[in-house]
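Protein chains in written order, with my numbering: chain A, 30 to 309; chain B, 42 to 332.
These are calculated hints, taken from the structure and not from any lab test. Fair warning: there could be bad hints in the mix.
Claimed, not checked - Here are the computed distance ranges between Cβ atoms for each label pair: (1) A:T181 to B:E105: 36 to 44 angstroms; (2) A:A238 to B:E105: 28 to 36 angstroms; (3) A:S243 to B:A215: 48 to 56 angstroms; (4) B:L172 to A:G302: 21 to 29 angstroms; (5) A:Q133 to B:L64: 55 to 63 angstroms; (6) B:V184 to A:T136: 32 to 40 angstroms; (7) B:A154 to A:G106: 54 to 62 angstroms; (8) B:G63 to A:A238: 46 to 54 angstroms; (9) B:F59 to A:A238: 36 to 44 angstroms; (10) B:P83 to A:G106: 20 to 28 angstroms; (11) A:S125 to B:A159: 36 to 44 angstroms.
Stated by the list, open to error - To spell it out: a stretch of chain B is covered by chain A in this simulated footprint if at least three of its residues, at any positions, have a beta carbon under 8 angstroms from a beta carbon of chain A; those stretches are: (12) 161-175; (13) 247-258; (14) 287-295; (15) 312-319.
No residue lacks a Cβ here, since even glycine has one placed at the ideal position from N, Cα and C.
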Amino acid sequence: MRMKKLIGVLTVAVLSVNLLAGCGAGSVQGAAAGNSVQGTVSTDGSTSMEKVIGALGEAFEQNNGGMSFTYNPTGSGTGIQAVMEGRCDIGLSSRSLKDEEKAQGLTETVLAYDGIAVIVNPENPVTDFDIETIAKIYTGEITDWKDISGSTGEIVLVGREAGSGTRDGFETITGTQDICKYRQELTSTGDVIATVAGNPNAIGYASLASVSDSVKAVPVNGVSPSEETVKDGSYIVQRSFVLVTKSGQQLSDAAQKFFDYCISADAQTIISGAGVVPAN
Amino acid sequence: MKKFSKKNCFEGMVQGIFLLLGLVTVGCVLLVTIYLVIAGIPAIRKIGFIEFLFGRTWESTSAEPSYGILPFILTSIYGTAGAVAIGVPIGFLTAVCLAKTAPKGVRKIVESAVSLLAGIPSVVYGLTGMLVLVPGIRRLFHVPDGASLLAAVIVLAVMILPSIIKVSVTALDAVPKEYEDASLALGATPIETYFRVSVPAARSGIAAAVVLGIGRAVGEAMAVMMVSGNVANMPGLIQSVRFLTTAVASEMSYASGLQRQALFSIALVLFLFIMLINASMNFFLKGRKEE
Numbered sequence: 030m031r032m033k034k035l036i037g038v039l040t041v042a043v044l045s046v047n048l049l050a051g052c053g054a055g056s057v058q059g060a061a062a063g064n065s066v067q068g069t070v071s072t073d074g075s076t077s078m079e080k081v082i083g084a085l086g087e088a089f090e091q092n093n094g095g096m097s098f099t100y101n102p103t104g105s106g107t108g109i110q111a112v113m114e115g116r117c118d119i120g121l122s123s124r125s126l127k128d129e130e131k132a133q134g135l136t137e138t139v140l141a142y143d144g145i146a147v148i149v150n151p152e153n154p155v156t157d158f159d160i161e162t163i164a165k166i167y168t169g170e171i172t173d174w175k176d177i178s179g180s181t182g183e184i185v186l187v188g189r190e191a192g193s194g195t196r197d198g199f200e201t202i203t204g205t206q207d208i209c210k211y212r213q214e215l216t217s218t219g220d221v222i223a224t225v226a227g228n229p230n231a232i233g234y235a236s237l238a239s240v241s242d243s244v245k246a247v248p249v250n251g252v253s254p255s256e257e258t259v260k261d262g263s264y265i266v267q268r269s270f271v272l273v274t275k276s277g278q279q280l281s282d283a284a285q286k287f288f289d290y291c292i293s294a295d296a297q298t299i300i301s302g303a304g305v306v307p308a309n
Numbered sequence: 042m043k044k045f046s047k048k049n050c051f052e053g054m055v056q057g058i059f060l061l062l063g064l065v066t067v068g069c070v071l072l073v074t075i076y077l078v079i080a081g082i083p084a085i086r087k088i089g090f091i092e093f094l095f096g097r098t099w100e101s102t103s104a105e106p107s108y109g110i111l112p113f114i115l116t117s118i119y120g121t122a123g124a125v126a127i128g129v130p131i132g133f134l135t136a137v138c139l140a141k142t143a144p145k146g147v148r149k150i151v152e153s154a155v156s157l158l159a160g161i162p163s164v165v166y167g168l169t170g171m172l173v174l175v176p177g178i179r180r181l182f183h184v185p186d187g188a189s190l191l192a193a194v195i196v197l198a199v200m201i202l203p204s205i206i207k208v209s210v211t212a213l214d215a216v217p218k219e220y221e222d223a224s225l226a227l228g229a230t231p232i233e234t235y236f237r238v239s240v241p242a243a244r245s246g247i248a249a250a251v252v253l254g255i256g257r258a259v260g261e262a263m264a265v266m267m268v269s270g271n272v273a274n275m276p277g278l279i280q281s282v283r284f285l286t287t288a289v290a291s292e293m294s295y296a297s298g299l300q301r302q303a304l305f306s307i308a309l310v311l312f313l314f315i316m317l318i319n320a321s322m323n324f325f326l327k328g329r330k331e332e
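Turn these sequences into a full structure, and let the hints steer you where they fit.
Okay, structure coming up:
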């Protein structure tokens, strides 16, 4: 009998604590809403930035109850256009703004740098590429390693599938859009690295953060890829991920809060987690 | 009387539940079919039926995209045919051996090995192919890269073995012993008996096994994606190729607009292939019943 009573009391206690906790959460949410930061942040633009902006948006929503975050993957050009026409709060572009775009009243804030490493098999004696050579290799103008390094053998071009952000970035930087003569189109960075690691004549590209010791990241124009060389701009196979806003125009409270969050110190680990080099 | 009707009521209820559960499956099939047709038709209409099915270039993301899936269709057909050409003789003879000639102990060991082979996830086949088979083909044929139709064919051949062996063994086991006894009594050797009497008697079951294998080979995506190179070339044995399944799987994650719709259309074509294969399997199984 006593036991039963005890259980009953305990149950009531647990329940009431739960209730209180529920109340607490409710009141915090209420306060947040009262603080007028409830609202939506709309972003629009680069498909390559999907991973990083998705991670940021998710974390932002989690930290700020009542806020909602939307991302429309349309492409950098469309995103820039959308900001200009006021169809979204923040535009996302995986290239720096052109001067005429800046002249039209847009401001860019670099969020992160996406460094793309050009990788070969560790057995490959090649020590350096210049960017024209890379373009020539990928367009099929140079087909044998003997024209580049000490080794011989037909070059095996490994790349990513159509639509991949890394492929888009690599082809844009090297100026080889739609003319790369791939031998293999793989669907993940891991597959590219494993394939290059398994074939002495292969060359591939992968986002800098995921390159491992099983492949050799080749210096381009004499600069080895690393977080520092990407950040200071000396390693050139890279592009910036930028947030595009209208100059001199106040963002909505919600959008401003998201913008501040993106360039805050807290967000940097999330940005690195998405495989790119944070700019701030 | 009352008790009796209660029982009736219970029976009816249980039967109703069973019927409902049965309809869940039918509902799923209908849902998939209707969705695929609705999602797959628009792109075919936009691109043009002939251009879609018989176009030789697939450049879904270039500035002037072209959506021709003939390379994928041919690759799927060649790949499956190759896998069947290698897998069926091995599987069929293994089945005859297991069902007729093998000692009990051997049969037990081989059968458990076959079951194990059936249980290996396709991504493991793909990984093994990528790390062992692809470099192996490169060295053996002295080609720059081993990721090719040939690698996919070999992986698929191994993957369809378990279904061919299992179904064929069941069919061979089901042949009445009297047939074989009669043949042996007439002076035929055991091998003559197996191939002239048992196998013909089990032929519809064996045919069903082959069709089941074809179905598995056509529908496999993960393993072939890892060994075939995935470039939309017209098929060649040592050429990097893309199958119907991998065409859908590899681009789906980033696709948008017409490209995405076209992927659904590829899925629809694949679905029609599978329907055709299932229909022919039903035909064979029905043949067996009538015998």
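These are the hints, each one checked on the structure:
1. For A:T181 paired with B:E105, a C-beta distance near 37 angstroms keeps the hint of 36 to 44 angstroms intact.
2. Hint check: A:A238 to B:E105, Cβ distance near 34 angstroms, so the stated range 28 to 36 angstroms holds.
3. The given range of 48 to 56 angstroms is respected by A:S243 and B:A215, whose C-beta atoms sit roughly 51 angstroms from each other.
4. Between B:L172 and A:G302 the beta carbon distance is about 28 angstroms. The supplied range of 21 to 29 angstroms therefore holds.
5. Distance hint for A:Q133 and B:L64: a CB-CB separation of about 60 angstroms, consistent with the stated range 55 to 63 angstroms.
6. At about 52 angstroms, the beta-carbon gap between B:V184 and A:T136 misses the expected band of 32 to 40 angstroms.
7. Between B:A154 and A:G106, the C-beta spacing of about 57 angstroms keeps the proposed range 54 to 62 angstroms intact.
8. At roughly 50 angstroms, the beta-carbon separation of B:G63 and A:A238 lies within the given 46 to 54 angstroms, and the hint holds.
9. Between B:F59 and A:A238 the C-beta distance comes to about 54 angstroms, which lies outside the given range of 36 to 44 angstroms.
10. As the Cβ distance of B:P83 to A:G106 is approximately 25 angstroms, the hint placing it in 20 to 28 angstroms holds.
11. Between A:S125 and B:A159 the Cβ separation comes to about 54 angstroms, which falls outside the hinted range of 36 to 44 angstroms.
12. Counting residues of the segment 161-175 of chain B whose beta carbon lies closer than 8 angstroms to any beta carbon of chain A gives 3, which reaches the threshold of three, so the coverage claim holds.
13. Residues of the segment 247-258 of chain B lying with their CB closer than 8 angstroms to a CB of chain A number 0, which falls below the three-residue condition for coverage.
14. With a threshold of 8 angstroms between beta carbons, the proposed coverage of the segment 287-295 of chain B by chain A holds, since 5 of its residues qualify and at least three are required.
15. Proximity of the segment 312-319 of chain B to chain A, defined as three or more residues with a beta carbon under 8 angstroms from a beta carbon of that chain, is not established by the 0 residues found.
Of the numbered hints given earlier, the model fails hints 6, 9, 11, 13 and 15; all others are met.
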